[in-house]
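Undergrad: For reference, the chains in residue letters:
There are 2 protein chains.
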Amino acid sequence: MIDNPYYTHEHHGDYELVSIGRLELEEGGAIPDCRLAVTTWGELNEARDNAILITTWYSGTHQIWRDVYVGPDHALNPERYFIVAVNQIGNGLSVAPHNADGDNSLLAMANFPKVRIGDDVVAQERLLREHFGIEALQLVVGGSMGAQQTYEWAVRFPDKVRRAAPIAGTARNTPHDFLYTEALCEAIRSDPGFAGGQYKSNTEVEAGLTRHAGIWAVMGFSTEFWKQEVWRGLGFDSTEAFLEGFLQPYFTVMDPNDLLAMAWKWQRGDVTRHTGGDLAAALGRITAKTYVIPIDEDMFFPPRDCIAEQELIAGSELRLVADVCGHLGLFGVSPTYMPQIDRHLGELLAEQV
Amino acid sequence: MIDNPYYTHEHHGDYELVSIGRLELEEGGAIPDCRLAVTTWGELNEARDNAILITTWYSGTHQIWRDVYVGPDHALNPERYFIVAVNQIGNGLSVAPHNADGDNSLLAMANFPKVRIGDDVVAQERLLREHFGIEALQLVVGGSMGAQQTYEWAVRFPDKVRRAAPIAGTARNTPHDFLYTEALCEAIRSDPGFAGGQYKSNTEVEAGLTRHAGIWAVMGFSTEFWKQEVWRGLGFDSTEAFLEGFLQPYFTVMDPNDLLAMAWKWQRGDVTRHTGGDLAAALGRITAKTYVIPIDEDMFFPPRDCIAEQELIAGSELRLVADVCGHLGLFGVSPTYMPQIDRHLGELLAEQV
Chain V
1 MIDNPYYTHE
11 HHGDYELVSI
21 GRLELEEGGA
31 IPDCRLAVTT
41 WGELNEARDN
51 AILITTWYSG
61 THQIWRDVYV
71 GPDHALNPER
81 YFIVAVNQIG
91 NGLSVAPHNA
101 DGDNSLLAMA
111 NFPKVRIGDD
121 VVAQERLLRE
131 HFGIEALQLV
141 VGGSMGAQQT
151 YEWAVRFPDK
161 VRRAAPIAGT
171 ARNTPHDFLY
181 TEALCEAIRS
191 DPGFAGGQYK
201 SNTEVEAGLT
211 RHAGIWAVMG
221 FSTEFWKQEV
231 WRGLGFDSTE
241 AFLEGFLQPY
251 FTVMDPNDLL
261 AMAWKWQRGD
271 VTRHTGGDLA
281 AALGRITAKT
291 YVIPIDEDMF
301 FPPRDCIAEQ
311 ELIAGSELRL
321 VADVCGHLGL
331 FGVSPTYMPQ
341 IDRHLGELLA
351 EQV
Chain W
1 MIDNPYYTHE
11 HHGDYELVSI
21 GRLELEEGGA
31 IPDCRLAVTT
41 WGELNEARDN
51 AILITTWYSG
61 THQIWRDVYV
71 GPDHALNPER
81 YFIVAVNQIG
91 NGLSVAPHNA
101 DGDNSLLAMA
111 NFPKVRIGDD
121 VVAQERLLRE
131 HFGIEALQLV
141 VGGSMGAQQT
151 YEWAVRFPDK
161 VRRAAPIAGT
171 ARNTPHDFLY
181 TEALCEAIRS
191 DPGFAGGQYK
201 SNTEVEAGLT
211 RHAGIWAVMG
221 FSTEFWKQEV
231 WRGLGFDSTE
241 AFLEGFLQPY
251 FTVMDPNDLL
261 AMAWKWQRGD
271 VTRHTGGDLA
281 AALGRITAKT
291 YVIPIDEDMF
301 FPPRDCIAEQ
311 ELIAGSELRL
321 VADVCGHLGL
331 FGVSPTYMPQ
341 IDRHLGELLA
351 EQV
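Heads up: the sequence lines are chains V and W, in that order.
The numbering used here puts the first sequence at residues 1 to 353.
The numbering used here puts the second sequence at residues 1 to 353.
For reference, chain V alone in the conformation it holds in the complex (with noise of 0.2 Å):
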């Protein structure tokens, strides 16, 4: 267990921490005590049938999407919708290395169990079902890492999803995004101050977060960020000044055993484990009317991948999403990012099912 201030209230806001009990992980093992940190906005109709569920990508948490996404003007509209953001196992709210104490203690730190995306979905749903008595969603959307628990819902329970909005990420994992995401790794694990995981602050493991945080500005914007200088707009005035202003302090303030294990599931999301290898059957599973919106210069989860995915789902659509911010035009950055997303969801959700 260790004291780290940016996984607190201060920095994300109103959320409640729900155990949902034991929850055997499809690995092996179990996490003794499954907390998951929710974050509601609007009210449960009486025939429970108005929610929106809301999954977190890497490093993320339901605060951008409080921020950036749900609002009486966006889609996601809270006056109309129920909607539950159930950060990531691992994520540093939700049960993680960092802060696994009580009858989680054996699984601290380096000794945090692998987690799948799979594992994620079955808390979630449960958790949905047991506190909250709902049984089917109006909608899932998530992003990136959200994209996959997205996919996961939609093929795992498909009587329960009735839309899927999955941005920027795949139902199957490539191995390009495999690699990328072992460098992150090796970033992290190779400083010295990692010692194994058995550090006892992030901060004697700034080198390596910043690291990590380097090679995030390699992939996680698009070359023509850079070339443009879009950084500009959000108030810098040098690359330097962005990456010492924006991107490392963003990483650095997080703890390495949980972005490891958040990392470890990331490459390994991959929907046709519930069809022995067979993507098609998999996706063929969906009943969900489904948006696929990849971002046009993400680049590594190019919009490629995801339209070969789109085309195997059935009566899906694909809505590619513009924006020179690239993958992690996700923060929802450039003014012309919401607008898109808001029209795709609310589009979405017009959708008789």
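The hints are simulated quantities; they were obtained by calculation from the structure and are not laboratory data.
Identical chains blur together in the list; that is why a pair holds if it fits in one copy or across any two.
In silico SDA-like links for lysine to any residue, alpha-carbon gap of 20 Å or less: (1) K227 with I307; (2) K227 with R268; (3) K227 with A308; (4) K227 with D296.
Based on the hints, put chain W in the right spot on chain V.
TA: Here is chain W on its own, set in the frame of chain V:
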């Protein structure tokens, strides 16, 4: 001075070490005894006007050109041309951190001075003139950092370059490329075995060089290279086997300081140093018939960056090469690669200039 068996005739066949004497450097300081490793094919004619210059890329030497690009069946035909390949300063065959001895002993290892693309080109021009009596070139051709040198030649010595063929590279390095190269450097420098550049053997930096190879895996090929498992065609049966059998050993035999010297140069390649930052003015100096030859799947010298420069070069042509290998298509492993290169270089050499 480190005795590294990679930088020998055993691995690089015939080449000659030619000293051009003292080389003053753009960044200040000098290389007292600037020794360049030079390989030639064919015969210089009496008029001394049938010469072609080949420049080398990051981590590369003349050897890949011998193995893949030069021969009687190629456009770079020694039966017609006198072809000179000059290894770039810092590459380990030419004067470099790991081999600086004798008059250069003060430049050894971490004390090696900052060398720029312009220094290489000045050194090459002197070598060609003083050692071979060559005053003009039918063609300058190089890939990646070799393209940087090719552009520098065409801008700095327009009267000496009849034709130019920059492959998979730019005249002014992009901000994204700078960040990519920085991540490569950080992978090496962060290895405790690097010891601030004062290691005793490259084997002490194997972990850092392996991480460096891992980042090349992410950016050097393309997402499709990995998805299509193109490495199977190279005789490997898994991603891991390809990394461990090809990409990692390719880099781990090399000298870390040598790689860093080249990387520093790569990051700062910029023909606009001649024109106060004005790219159009710099490229406007080019009188060579120029074919700009990007590779379609290149992730860090993407076609659009090359095209933006091509459009500023009078009379130039864009010749796009298709290769799923991406930037490292330069290695010529795709059977469809060299036929494209030979066609473009052949047509360029057939141009009346």
